[in-house]
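Chains as they are written, first to last, in the numbering used here: chain A, 582 to 854; chain B, 747 to 1046; chain C, 352 to 722.
Treat the hints as calculated values from the structure; they're not laboratory data. Everything numeric in this text was worked out from a predicted model, so none of it was measured. Idealized CB from N, CA, C, for every residue including glycine. Fair warning: there could be bad hints in the mix.
Taking CB as the label site, the calculated pair distances span [as the list claims (entries may be wrong)]:
1) A:Arg689 x C:Glu557: 26 to 36 Å
2) A:Leu590 x C:Leu530: 18 to 28 Å
3) A:Arg689 x C:Ala474: 46 to 56 Å
4) A:Asn619 x B:Ala781: 46 to 56 Å
5) C:Thr372 x B:Arg1008: 56 to 66 Å
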Amino acid sequence: MSRRSGRVLDAYGAAFLLLLYAPIALILVYSFNSNVVNMMAWEGFTLDWYRSIFGLTTRLSESQIYVHSTEALLAAVRHSAIVALCASMLSTAIGTATALGLARHDFRLKRVYQGLLVLPMVMPDIVLGIALLIFFVGAGFKLGLTTIVVGHCVFLSSYVFVIVSARLAGMNTELEEASADLGAGPWTTFRRVTLPQIMPGVVGGALLAFIISLDDLVITYFIAGVDSTTLPLFIYGMLRRGIKPEINAIAILLLVFSFVVAATGLWLRSRRQ
Amino acid sequence: MTTLAGSRRLRLAALLTPVTLLLGSCFLVPLGIMALYSFLTPGLYGGVEWNFYPYNYGRVLGAPLGDVEDFDPVYIEILLRSLRLAGTVVVLTLAVCYPAAFWVSRFHGERKSFVLFLVTLPFFASLIIRVYAWMLILRPTGFLNLVLESAGVIDAPLQIIFTEVSVVAGLVYILLPFMFLPIYASVEKLDPALVQASEDLGATPWQTFRRVVLPLTLPGVIGGSLIVFIPAFGNFVVPALLGGAKVMLVGNIIEQQFLAARNWPFGAALAMLILGTVLVLMLIYVLRIGRGGVAAGAKA
Amino acid sequence: MSDQTHANLLEIGAAVRTFRTPEGGIVAALDEVGLAVRANEFLTLLGPSGCGKTTLLRAIAGFEDLDRGDIRLDGVSLAGVPAYRRPFNTVFQSYALFPHLNVADNVGYGLDVKQLARHERDARVAAALTLVGLEGYGRRKPKQLSGGQQQRVALARALVNRPRLLLLDEPLSALDRNLRQAMQIELKNLQHEVGISFLVVTHDQEEALVMSDRIAVMNGGRIQQVGTPGEVYDTPANRFVAGFIGVSNVYAGTIDRRDGSLCIVRTDGGIELWARSAAFAAGARVDFMIRPEQIRVDVARTAAQAPGLEATVERLVFVGADLQVHARLADGSPVQALVRHRRTPVEGLAPGSAVRLEYDPEVVHLMAAQP
């Protein structure tokens, strides 16, 4: 490739990164803007929006604060945390067990399982969301955190399955035979040989499941109950009613948190044996 | 007598029981019930009556089916608009990501990991917040109008939000990573020696691209197009926030049927149409391109 | 031996194992295989790839079921006993060292899962590492070791458990040639030192000849012959064994007549050959075998003392210590002879020259022809 076309490509790459990050950076800038009348016009630096969402004292008047109840916001955060933790742990267990089963055994229905596991990932969220809604309501379940956790597990298990399977595929199967040969039973072999080998995949899968669960809006939208609003639902509700500056601060806090979790996951995945 | 194969079968059953129960009871059964619902009579105040009722589909596809009683062409219009916008989103994400994949693939070692990390990271940013960023940019008092006005390009704010343009912009932004990763995976696999061989054999850069690079990266392009098209087609969050009441997509109609109009059978029928479209596309993909590509191309 | 009623350590009886091929056919990896492993012997399973030797090893280790037949340890069947309850240990072809454990923890793995006391475990690990010449390497990770060192760790990891039988799957195939030859001797010495039976799978006949007390030659899922290296080399059971171990000239023919213990064989090409054997009657179909080094090349074609054959030289191949003479007999069948290499060219020995090939009927070998 010639030097000039290389430079053109580099300029393009820079523009690409700008496209990815500029919208997010915009939120970051506005989250510190002290202009209470027009949030788009920069006036000065303030942390008041961050303070207001935690219910701390600010210079802002009552009418300027959109999150009237810090409790509602904190409840949404709590719901999201509970759902993401439970759903990611459950789906990690289920997805890992499935990956082990399909990677280490040959049986007639293997292809059926493999196909079935792809479906929840590629199906439009809204279809899965309403199917679960009809099912939960029809079966008489009360919509709430439990239904959200179960609903999330349906598609998160597939993500964990894909990541752990990739890790298992790269593992020498003779290691497990060597362990059995040296006197270790199936459980000991799993705990002392297989699990340490696939651990980066399991942790990476769990983190990915956690992030996707934390971020899920569409499926949760249909299967959440009135008193189980999660953070994305809370933000969606705020946005439907109009844009207020506190949203910037909430958005940035959420972004920082997701980026830290994602960076940890990506780092773990890049670490190879 | 217990055989080794016997105890292995037992272990396999234990490993697959959880996923079988989960996907059986909370995936296949719900999809089956949804399919059933789409053929039931909508009851008053939500709910259903248990008799066969094909008119949920008739409302959407009535004229083509020869049934014009409660047919309303607005639903076909919305379906076609959803298809058109999803197609536009695929073309735009492809145009943005294809060169970007080549850009990233030119780095080496640590720098490549870092650039790849930078490209992947926004993918993990909350979807609702990424949509919100575009509300900030596109609304009448938003960043874009602010910049254009202060630069003197326009006098009055442009009405961009609540148009198809804003919906497409939002969808493109949130779906970029879905297109980037599969394309990047196939670009990474492309052996530079093949490009050199083509040049060595006298092909111009365009011929090399047309005859070597494009065919070899096509699986990534097709895989990426599929996994961008599917969520774009059924999306209701982006049109709700960036399209308002003006740019309704099929996802918004479904949402209304479930949470406002309380006509679940009609909503289920619309969802079945989305699902049918997606399954047909998937089937074509699997039959033409081969297996495993979708799973590998998805977020892994 | 603790139990005198069973002379053999391990007995395999009529073992059958079939696999389904992707095309839908059925292949017998093991076809009525019977084999006995004696106490404190070095037994090699030798055969080409796909002959079933690895399947047999894996069945003994407990990684595969048999369709029929049984495997008995001290006369007791091992059917249904999982690998982790069998007192055998395996040295894997890939070594299969645990990459997340250091050398000492790899070697101590089998002792750890048996929950041996710490001090005994450490002492046995140290002794095992000393045995294979790796004292002081305990804290290294497997990937920091060379191929030969990894091989030794794999050996130590298996031997530290004091197995009744050590199974080795192509143990030397991953090593380069020089190291492989050194390890052949070393493995043999090690077996002698620890007094444990070794069962080695290999496709390398030279390796088998160097290391083994006995060799079991396998082909097509069947045992072809079991015997000492000398037996399988000098008196192969059939054409396959003769061809697989060393170089041989084999001619199919019929016993034409007998003269005392001397058999006169007429080959299918019409050539008369002599062999000393009492095993065959006139009219029997046989394969006549003679090794190249048992043939003397008589360039001068002097008067015959020993039986001889007229041949035309086709090609001379210099292989260092020796000179291979590739020639053709009167009926066109190929023959190979070996001449101890001389510094000066042998006069009259050149492609195209006619020679007389002499042999001693006492050393040639007759085998029953296979159907």
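Violating hint indices (sorted, rising) = Numbers 1, 2 - these are the hints that the structure violates, sorted from lowest upward.
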